[in-house]
Every structure is written in structure tokens, then in C-alpha cells.
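Asker: Sequence:
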Amino acid sequence: MRKVGVLGGTFDPIHEGHLYLVRQALSLAGLDEAVILPMARPAHRETDASAEDRLNMCRLALEGETRISLSEAGMQPSVRYTADTLPYLSKEFPDACFSLILGADKLPSLPYWRDADKLFARCEILCFPRSGVSTREAMEKVQAAGGRVRMLPTECPPWSSTLIRAAAARYEDAPGLPLSVQCYMAERGLYQPDHLPKLKGMMNPRRFKHTLGVRKEAVRLAALHGLPVQKAALAGLLHDCAKGMPVPVMAQIAEQYHLIKDKQMLSSGAMMHGPVGAHVARHRFGVRDEDVLQAIRHHTIGRPGMSELELCIFVADATEENREDYCGLEEIRRLSNESLAAAALKSLQLTHEFLKKTNRPFFPSAQRTAEELSARLTNDMDQ
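Residue numbers (this note's numbering): 49 to 431.
No lab work stands behind these hints, which were simulated from the structure alone. From a predicted model like this one, the values you see are computed outputs, not experimental measurements. Even glycine gets a Cβ: it sits at the ideal position worked out from N, Cα and C. Possibly wrong hints are sitting among the right ones.
Claimed, not checked - Pairwise CB distance ranges, derived in the manner of DEER restraints: (1) D163 - R254: 51 to 59 angstroms; (2) D310 - S179: 51 to 59 angstroms; (3) E378 - S355: 54 to 62 angstroms; (4) E378 - L76: 46 to 54 angstroms; (5) E378 - Q312: 50 to 58 angstroms; (6) G274 - E113: 53 to 61 angstroms.
What the hints assert, rightly or not - Cut-off 27 angstroms, straight-line C-alpha distance, at most; resulting in silico cross-link-like pairs (DSS-like, lysine-lysine): (7) K166 - K51; (8) K246 - K257; (9) K166 - K139; (10) K154 - K166; (11) K51 - K189; (12) K154 - K189; (13) K309 - K404; (14) K311 - K404; (15) K51 - K154; (16) K311 - K246; (17) K51 - K139; (18) K166 - K189.
All chains should be modelled from the sequences, with the hints used to inform the complete structure.
Answerer: Quick look at the structure:
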């Protein structure tokens with residue numbers, strides 16, 4: 049019979065600690081394979097992310113795994129206990145004997161689980177020690193109730209779904225997450241305030257679609273270039289939060305709060321909505337992170353000395369998937385995979401060429417940005 053390890057839980061979200069325990073169980077307990085078993089409606093707690101999102105994150109985390117699979121046996125909408133999943137798992141893994149993978153913190157309550165006798169009859173218990181948790185007495189109680197317990201000599205790693213959710217709420221990239229899961233969380237704003245209803249009411253449907261596209265592309269570029277994806281997602285989402293305002297209203301805010309020094313820019317909504325958007329992001333959406341605010345502030349014409357995050361939002365705005373095709377778009381997209389600075393410079397150069405053809409001015413600040421990026425790229429090549 050195949051020996052199959054089962055790690056069940058909410059996976060809200062799944063993280064490297066879960067995967068570490070399963071891999072250790074495969075190695076130390078001689079298992080043939082293992083299965084991750086997310087529960088749609090766990091009996092004893094509410095989840096922050098939906099069942100669909102948690103299942104999708106598990107699926108992403110398991111990409112490339114050859115001995116760990118994903119089961120949907122726990123995904124029914126009704127409350128389901130671990131023992132309830134056994135008949136379904138048996139259909140997925142016929143002729144398998146199951147080993148339930150647990151951390152030692154779960155051991156004391158195990159004899160009191162729903163239908164614990166069914167679990168004990170069908171499953172060996174593979175238990176990992178946890179720092180500060182005494183297991184001897186708990187093991188004796190489980191064994192007295194008919195359970196077969198094997199302790200595996202590897203402690204649970206320090207990563208925690210609770211700490212990961214708390215980091216996401218602060219728009220921080222938490223350690224211990226597969227990058228694909230980090231990106232999924234960022235692109236959907238999981239474990240964070242839901243800004244979408246307010247934002248949707250501030251812009252037309254076309255602009256809202258563009259906004260979601262910029263967030264998606266900002267996350268992709270951030271992951272590709274080693275930037276904080278949660279910050280990139282937030283800046284991408286709010287980069288146009290002032291774009292729907294009438295120009296006089298933007299000008300009034302800009303003048304009242306001294307947001308723009310160049311008086312010529314006060315007549316252009318295209319130029320004003322970046323600085324005004326940063327103000328709106330701070331005061332209406334509660335953003336306090338200066339990196340994010342800078343990325344919103346300078347996403348239209350840039351500034352000399354732009355950070356990589358600022359460049360990420362600048363380029364994502366120009367290249368997101370909903371952008372209507374324009375001359376040079378594919379070249380900027382190609383460059384964006386290699387160098388954000390090169391892609392941003394190309395975008396500025398194309399804008400300059402277009403404005404010259406239409407007899408419109410290229411703002412001096414945009415020209416200074418282009419010159420600085422060109423010098424930066426030349427310096428990088430020389431090193």
C-alpha cells in the first residue's frame with residue numbers, strides 16, 4: 049500500500065513552513081507521497097481569505113512539486129471536519145494508508161476531535177515538536193485513546209500565517225512565502241483594507257480597468273526585479289486615484305497644499321494627478337509609506353533619481369495589458385523585463401518625439417528625468 053501523508057488546515061495563507069513539514073515527513077517517515085488538504089469551512093475558526101483564494105494559493109505553492117499534491121476533499125461549502133474527508137481521500141488515493149501530519153501544539157486536543165476514533169483507525173499521527181510545547185503527556189493521552197503517534201526529530205519552522213497576514217496588512221512582504229503566493233496576495237489585496245469600492249466610485253470603468261492592469265503589471269515587474277511586491281501593488285492600485293477629479297479641483301488642492309512648484313503644470317490634469325494623487329492616497333486612503341507615495345507622485349513624468357519602485361510604477365503605467373497599442377509599446381515591454389530604467393527612458397523618449405510632432409512642449413522636469421536616466425544607464429554600462 050502507498051503511504052500518503054496528509055497535512056490539513058486553513059492555509060490562510062500557505063507558507064514555506066507548511067511545505068517544510070511535508071518535505072520532512074516525506075523524508076523522515078518514508079512516505080511515498082503527501083497531500084495538502086485545505087478546508088473551505090473549518091469548524092473552529094473563521095478565515096480571512098476566501099476558500100477559493102486559499103485553494104488557489106495552495107495550487108501556486110505546489111507548482112513544480114512532484115511528490116506533494118493538492119486535494120479538494122475539504123472544499124465543500126458545509127463545515128467539514130478532518131475525519132469527514134477520509135472517504136473522499138480514499139477515492140483519490142485508493143489502496144493508500146494515511147499519516148496525519150501535525151505540529152505538537154495540536155496534539156493535546158487531538159483525542160477530542162470530531163470522530164477521533166475514525167482518524168486513529170485509519171491514520172498514523174506524524175508529529176513535529178514545537179518550541180515550548182510539552183508532548184509526553186499529550187502523546188500518552190492520544191495513545192490511550194487508540195492513536196498511533198510517531199514524533200519526527202525536526203521542529204516546526206518559525207513562519208506563521210498569523211504573522212504573514214499581519215505583515216500584509218502593513219503592506220510588507222513577509223518572509224517564508226513562495227513568491228507566487230506573495231504575488232497572488234498582492235495582486236488581490238488579500239489581508240488588507242479593501243480600497244476597490246471607494247476607488248471604483250472615483251473613476252470611470254475604463255480608468256478602473258486600467259488601474260487594475262497597472263497593479264497586476266506592477267506586481268509582475270516587482271517580482272521580476274526583486275522589489276517589494278506589496279508596496280508595488282498598493283502604488284499601482286492608487287496611482288490614478290486623483291485622475292477623475294476636475295482640473296480646477298486638482299489645481300485648488302495643489303495650490304492649497306503647495307504640491308507643485310511649476311505653475312505651468314497647474315493647467316494640466318495629466319501633470320497634476322500624480323502629486324495630487326499622492327496627497328489623496330495619504331489623506332483618503334491612509335497611506336503613510338513614503339516609498340509608495342513617491343511612486344504615485346512621480347508616475348507621470350518622473351524625476352531625476354527615481355527609485356526602482358518609482359520606476360516600476362512609471363513603467364507599469366505605460367505598459368499594462370489594457371493599454372491601447374502605440375508606437376514603441378512592445379519595445380518598452382521588452383526592455384521592462386531587462387531594465388526598468390531603460391524602459392522608463394524609452395517611454396520618455398517616445399513621449400518627447402510624439403509631443404514634437406504635435407507641437408506641444410516637453411516639460412523641463414521630464415527632460416531632466418530623461419537625462420538623468422540616460423546618464424545612469426551609461427554609468428551602469430561603464431562599471
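Asker: Each hint should be assessed against the structure and marked as holding or not.
Answerer: For each hint, the structure was consulted:
no. : hint                            : verdict
1   : D163 - R254: 51 to 59 angstroms : holds, 54 angstroms
2   : D310 - S179: 51 to 59 angstroms : holds, 58 angstroms
3   : E378 - S355: 54 to 62 angstroms : violated, 26 angstroms
4   : E378 - L76: 46 to 54 angstroms  : holds, 51 angstroms
5   : E378 - Q312: 50 to 58 angstroms : violated, 32 angstroms
6   : G274 - E113: 53 to 61 angstroms : violated, 24 angstroms
7   : K166 - K51                      : holds, 18 angstroms
8   : K246 - K257                     : holds, 14 angstroms
9   : K166 - K139                     : holds, 16 angstroms
10  : K154 - K166                     : holds, 17 angstroms
11  : K51 - K189                      : holds, 25 angstroms
12  : K154 - K189                     : holds, 13 angstroms
13  : K309 - K404                     : holds, 24 angstroms
14  : K311 - K404                     : holds, 21 angstroms
15  : K51 - K154                      : holds, 22 angstroms
16  : K311 - K246                     : violated, 30 angstroms
17  : K51 - K139                      : holds, 15 angstroms
18  : K166 - K189                     : holds, 16 angstroms
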